[in-house]
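Going down the list, the sequences are from chains A and B. Under my numbering, the first residue of the first sequence is numbered 1, with each subsequent residue one higher. Under my numbering, the first residue of the second sequence is numbered 1, with each subsequent residue one higher.
It should be emphasised that the hints constitute simulated quantities derived from the structure, not laboratory data. Heads up, a few of these hints could be off.
Unchecked claim - Chain A residues, not near chain B, derived (Cβ > 10 Å throughout):
#1 Ser71
#2 Glu151
#3 His307
#4 Glu314
#5 Val318
As the list claims (entries may be wrong) - Listed next, the in silico EDC-like pairs over lysine to aspartate or glutamate satisfying Cα-Cα at most 16 Å (straight line):
#6 B:Lys159 with A:Asp111
#7 A:Lys229 with B:Asp111
#8 A:Lys160 with B:Asp109
#9 B:Lys160 with A:Asp111
As the list claims (entries may be wrong) - Chain B is faced by these chain A residues, among others (derived, beta-carbon under 8 Å):
#10 Lys159
#11 Tyr182
#12 Gln213
Think of the CB as a built atom: it goes at the ideal place given N, C-alpha and C, for glycine as much as any other residue.
The lines below spell out each chain.
There are 2 protein chains.
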Amino acid sequence: MIDPWSSKILEYNEIMENFGIKPFKEILDKIEDPHWLMRRGIIFGHRDYERILTAINEGKDFAIVTGMMPSGRMHIGHKMIVDQLVWYDEHGAEIYIPIADMESYSARDIDFEESRELAIKEYISSYIALGLDLTQDNIHVYLQSENLLVEDLAYIFAKKVNFNELRAIYGFTGSTNMAHVYVPLIQAADILHPQLEEYGGPRPTLVPVGPDQDPHIRLTRDIASRLQKRYGFILPSSTYHRFMRGLTGGKMSSSKPATAIFLTDTPDEIEWKVKNAKTGGRETLEEQKRLGGVPEDCIVYEILLYHMIGSDKELERVYRDCRNGTLMCGECKNNVADYMRRFFEKFSKKRKRAEKIAESILDRVHP
Amino acid sequence: MIDPWSSKILEYNEIMENFGIKPFKEILDKIEDPHWLMRRGIIFGHRDYERILTAINEGKDFAIVTGMMPSGRMHIGHKMIVDQLVWYDEHGAEIYIPIADMESYSARDIDFEESRELAIKEYISSYIALGLDLTQDNIHVYLQSENLLVEDLAYIFAKKVNFNELRAIYGFTGSTNMAHVYVPLIQAADILHPQLEEYGGPRPTLVPVGPDQDPHIRLTRDIASRLQKRYGFILPSSTYHRFMRGLTGGKMSSSKPATAIFLTDTPDEIEWKVKNAKTGGRETLEEQKRLGGVPEDCIVYEILLYHMIGSDKELERVYRDCRNGTLMCGECKNNVADYMRRFFEKFSKKRKRAEKIAESILDRVHP
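For reference, chain A alone in the conformation it holds in the complex (with noise of 0.2 Å):
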């Protein structure tokens, strides 16, 4: 398996076979342009993708809806959001973010005022930094606990949906909060509140996502096509990515900082936690030299897979050249360790910037 794209994918062509989602490869070519993340299979699967290529391609209106969750601090992983949207906003699309704070509530028990606080100081002001003008017309970030609109979607929802089938989906039992059994309804209002007709809809509108997240697709898809009579709706479309994992090899989590970098480290400490990160080195120099390294376990190589390097080209070179023991972990973490602390000390100029206009991002008045 030579594929410097291949790392642990295996795993999900189950969860694409078992749930009825496509391979994202096979609409690969019709895209004009791919952006980095399809070329190289992060994202790596497809619910009705062709909806939006249709769009992209004829220049028609279609949205694309996701959400941020304001809970600790925003990290590398979260990127990869921000880095699709920038890609979408140069097709075309409208785009809806909404911000999870009644989730955050009835999960973390943060309360509506702290998620605001913390959804501007961690993120909106980052997705500024890393791009992403949230100034501009097509872009609608809100606070789910202040769109009525949303809110009062979500209750007709509810009245299509029971406990039965919310238990059968979530595991939920009769001991779970009621906020809890309901987060699903609202963020189902998330997704199709745009194809309302005071938003302009309905139009083809895509959710990016990761596989865990397919079972919010699959009701949200249902709910549409109980109330397509109703509202018109076009069943949401969905692209599914896979996860970088963490700095330790495990999952990538805002609550174990050793296993993430964030967006708001300092250098130095992103310097540091390059330098200890799990790669896919050998036991001894000798054998690596010899049997070179295994990119596919490395995590400094998926800091470039994911993020850091966006020519194919460049990226296939460094893969190769561990692959044939050239290119050994230290020199290689070395590089790494300075296109980060490039990148974000760039990122962290961006971000001051950001500030003053994260904070009138929610003022702005949507229609």
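Add chain B to chain A, keeping to what the hints say.
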């Protein structure tokens, strides 16, 4: 039993004992000028009314909350609530009138737009014509679906409640739709939101209900105590009123026109309904002259008791004349039909004048 206000009160005693509702008559003499519905035992029970009494007697801030459910037509049974509101308005209450359009949607499949129309045309106009000036600053009429703060509060409450609890209280099953399951939380928010700081709370709050609504009161009080620390809620007080029976002797219901006098019936229809109502008359004229009538069994008498005669003295006279066989049903019905005709002729004119004001009530902005 020679009590002119005694009809069918016994069944309610059991309700009181089972659920810890206290008899209203025990505090009656502490009210300076009790409403006729209080004096006549139609308001028969309460929880924590002492708090409201203190507020009234000391001229302190308190709130009253009572919803209207926009489904079908407003009938004379609903008038009782407005009569109470007029009295509480005169006694310094801040008045909140939620229009239960979310409940109407989940229970009757009436959508929000239709509810709004219905509320304005059928209820708000009548409330005004019955003497409650909804344009006053201390009166807050709103649609649940348009009140973001109430919806958010319902969600905050939802975290403190689970499905098992709602099932135990309301008999919901796994196939009850989730909008229906969620209604009690919205109602709790209707009741408790006047106690939020932004509304000038916490403060004593009264909810006048029929005994069938007591589960809502108990749940709301439970929620209030679970969140007391955060919001400083004072457990809401409640009063319980019995219901006027339907004209045919059973339950008065909007969906059975023969059982109810609607506020928009024509004077001729009303006269006809009064004259055909079930009375407490005997089998024969001779028997009735000898034994007297039974006002306790008479719907025509209930009309007077609940609605048409404010003076206890005058009502007592009717009661006595019926019991001792001097007042026959025919004559009595003629009198009541006359009362009613005069009342509804005036009411209908007021209602006409109120229609224009009614349209603007829901557009008012509240704090």
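Verification of the supplied hints:
no.: 1; hint: Ser71; result: 15 Å, holds
no.: 2; hint: Glu151; result: 5 Å, violated
no.: 3; hint: His307; result: 36 Å, holds
no.: 4; hint: Glu314; result: 48 Å, holds
no.: 5; hint: Val318; result: 48 Å, holds
no.: 6; hint: B:Lys159 with A:Asp111; result: 12 Å, holds
no.: 7; hint: A:Lys229 with B:Asp111; result: 15 Å, holds
no.: 8; hint: A:Lys160 with B:Asp109; result: 11 Å, holds
no.: 9; hint: B:Lys160 with A:Asp111; result: 14 Å, holds
no.: 10; hint: Lys159; result: 4 Å, holds
no.: 11; hint: Tyr182; result: 6 Å, holds
no.: 12; hint: Gln213; result: 20 Å, violated
The structure shown violates the earlier hints numbered 2, 12.
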